[in-house]
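J.: For the first sequence, our numbering assigns the number 2 to the initial residue and increments by one for each residue that follows.
It should be emphasised that the hints constitute simulated quantities derived from the structure, not laboratory data.
Do not rely on the hints blindly, as some may be mistaken.
[Claimed, not checked] In the SDA-like style, the derived pairs of lysine to any residue whose C-alpha atoms are separated by at most 25 Å in a straight line are:
1. K122 - L107
2. K371 - A309
3. K41 - Y316
4. K10 - G38
5. K296 - L332
6. K354 - L107
7. K160 - E244
8. K363 - R233
9. K347 - D366
10. K246 - F198
11. K6 - D366
12. K246 - A309
13. K363 - G254
14. K115 - G38
15. K362 - S7
16. K160 - D109
17. K371 - L107
18. K371 - A212
19. K6 - K371
20. K371 - E53
21. K6 - E240
22. K347 - Y317
23. K10 - W364
24. K246 - I25
25. K208 - D184
26. K354 - L315
[To be verified] Label pairs and their in silico Cβ distance ranges:
27. Y232 - E357: 22 to 30 Å
28. A49 - K122: 32 to 40 Å
29. L315 - R74: 37 to 45 Å
30. P152 - E240: 19 to 27 Å
Backbone N, C-alpha and C fix where the C-beta goes; we use that ideal spot for every residue, glycine too.
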Amino acid sequence: MFTLKSRDKETRARTGILETAHGIIPTPVFMPVGTAGTVKGILQRDLADDIEAKIILGNTYHLYLRPGTDILRASGGLHKFMNWTRPILTDSGGYQVFSLAPNMKLTDEGASFKSHIDGSKHFFTPENTIDIQRIIGADIMMAFDECAPFPCDYRYAGKSVALTHQWLDRAVVRYRETEPVWDYEQLLFPIVQGSTFDDLRKMSAEKVASAGMAGNAIGGLSVGEPADEMYRIIEIVNEILPEDKPRYLMGVGTPVNILEAIERGIDMFDCVMPTRNGRNGMLFTSQGIINIRNKRWTDDFSPIDSLAPSAVSLYYSKAYLRHLIISGEILGSQIASIHNLAFYIKLVSEARKRIEEGNFKKWKDQMIIKLSARL
RNA sequence: GGGGAGAUACCAAAGUGGCCAACUGGGGCAGACUGUAAAUCUGCUGGCGAAUGCCUUCGUAGGUUCGAAUCCUGCUCUCCCCA
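Please build the complete structure, drawing on both the sequences and the hints.
T.: Structure below.
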């Protein structure tokens, strides 16, 4: 259930409330990625209390391979297994069709693949990825799709989007004919594909909209195409996706990408960037982007970010964090991840506030400049 | 006192007549990362130059050779074993 709360007058930005079985999510929202049942390096307690994440992601492919559905079922579902009481969204494994392409073989029926862990053979279909996500107990499940690579010729993109649509029909059937494994409602989001081709994207958006699900997603972006292409596609697709349902832009992105997408009417985001890049020494701060490994921070004892998106941003100095990251200390990864996630979530929450106050556009234009700065 | 081994770039360590400004690690300096096979990956790391290149390097002083980090001689230093 999604309720639009306010709309920006100058742009297509909006705020809303998405209700799920495990809680209410104010949108726009940023969802930390917790692929294998953990947001890497971060305690659930910190995720909830310090970072203030409202919802996190899990991944069907990874969780299916390990720990496997038997353990997920026996544990009472992913929420209980990992002790996370807020909402969870699971990706269907569609992105792995893209990122693990060498191990995948696509047919109309589904995708056969070899486990990257032990080489064992498996087969994903629109149906069994719903079944697995039922066992996981995700509040929001994603339809199994093919995330086409970029660049990708028109012929391939056309075939790919057709396959994704076929799979969508089958996923919806399976969704409707099955009951949740656990005692709460699960939503299913279909995914728009079509690479960077306007007509394919329009057709896909219409298909997805017609499925009548509680929310819709845009996939196949931020896979290497120029940012302007991505923004153009978002505009085309959001013209068609229903206003009264949340729009989820999968896998995006940089803080700038996110603000640009909010301006174009996107409500939900996820990205590995704050955690992965954080572990690799890249920090997003209110002053701009910093590579904490750079020599210049060696004796800078000022806080990581004086505007303190999280408690750790103020407790620890740049020099200390640099020391930890350079030394390969685990605490460095943890602090950087916590800070970055908190930064992302505060940024999106600030956007929400600005939209409601009616001064989003001006604020956003100023933020773009700050966020792009490299310190 | 006797016997043996060795000295190579910031460190460790290959190389033992030309393909060597010198393998490879580490360290250092940068860069990449967008629904996570990533606490990962890439580049540079003697000097000058955009570059073909030029100049100075393999403990030190000489020598042999068309050519030496590599062969010979002296010297200096280090380590190991025996007494």
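J.: Hint by hint, note whether the structure agrees.
T.: Status of each hint after checking the structure:
1. Using a Cα cut-off of 25 Å, the hinted pair K122 and L107 holds, with the two alpha carbons roughly 14 Å apart.
2. Proximity of K371 to A309 is assessed by CA-CA distance (about 16 Å); at most 25 Å being required, the pair is judged to hold.
3. Taken as a hint, the K41 and Y316 pair is honoured in the structure, with Cα atoms around 21 Å apart against an allowance of 25 Å.
4. Pair hint K10 plus G38 does not hold up; C-alpha atoms about 39 Å apart against a cutoff of 25 Å.
5. At most 25 Å may separate the alpha-carbon atoms for a hinted pair to count; K296 and L332 meet this at roughly 20 Å.
6. Between K354 and L107 the alpha-carbon distance is near 44 Å, which puts this suggested pair outside the 25 Å criterion.
7. Simply put, K160 and E244 have alpha-carbon atoms about 28 Å apart, too far for the 25 Å limit, and the pair is violated.
8. For the hint pairing K363 with R233, the CA-to-CA distance comes to about 21 Å; that is within 25 Å, so the pair holds.
9. With a C-alpha separation of about 17 Å, the suggested pairing of K347 with D366 holds against the 25 Å cut-off.
10. Under the criterion of a C-alpha separation no larger than 25 Å, the hint pairing K246 with F198 is consistent with the structure, at around 24 Å.
11. Straight-line distance between C-alpha atoms of K6 and D366 comes to about 23 Å, which keeps the hinted pair within the 25 Å bound.
12. Between the alpha carbons of K246 and A309 the distance comes to roughly 33 Å, so the proposed pair goes past 25 Å and is violated.
13. Using a Cα cut-off of 25 Å, the hinted pair K363 and G254 holds, with the two alpha carbons roughly 21 Å apart.
14. Straight-line distance between C-alpha atoms of K115 and G38 comes to about 21 Å, which keeps the hinted pair within the 25 Å bound.
15. Proximity of K362 to S7 is assessed by CA-CA distance (about 14 Å); at most 25 Å being required, the pair is judged to hold.
16. Restraint check for K160 and D109: the C-alpha separation of about 10 Å stays at or below 25 Å, so the hint holds.
17. Between the alpha carbons of K371 and L107 the distance comes to roughly 43 Å, so the proposed pair goes past 25 Å and is violated.
18. Between the alpha carbons of K371 and A212 the distance comes to roughly 40 Å, so the proposed pair goes past 25 Å and is violated.
19. Pair hint K6 plus K371 does not hold up; C-alpha atoms about 28 Å apart against a cutoff of 25 Å.
20. A hinted pair counts as satisfied when its Cα atoms are at most 25 Å apart, and K371 with E53 qualifies at roughly 23 Å.
21. Taken as a hint, the K6 and E240 pair is honoured in the structure, with Cα atoms around 19 Å apart against an allowance of 25 Å.
22. This hinted pair checks out: K347 and Y317 have alpha carbons roughly 19 Å apart, not beyond 25 Å.
23. Of the pairs offered as hints, the one joining K10 and W364 holds, with about 14 Å between alpha carbons and a cut-off of 25 Å not exceeded.
24. For the given pair, K246 sits about 15 Å from I25 by alpha-carbon distance, which is consistent with the 25 Å threshold.
25. Taking the CA atoms of K208 and D184, the gap is near 30 Å; set against the 25 Å cutoff, the hint is violated.
26. With a C-alpha separation of about 23 Å, the suggested pairing of K354 with L315 holds against the 25 Å cut-off.
27. Range check, Y232 to E357: Cβ separation about 23 Å, and the 22 to 30 Å hint holds.
28. For A49 paired with K122, a C-beta distance near 38 Å keeps the hint of 32 to 40 Å intact.
29. The hint said 37 to 45 Å for the Cβ distance between L315 and R74, and at roughly 42 Å that hint holds.
30. Evaluation of the 19 to 27 Å hint for P152 and E240 yields a pass: the beta carbon distance comes to about 24 Å.
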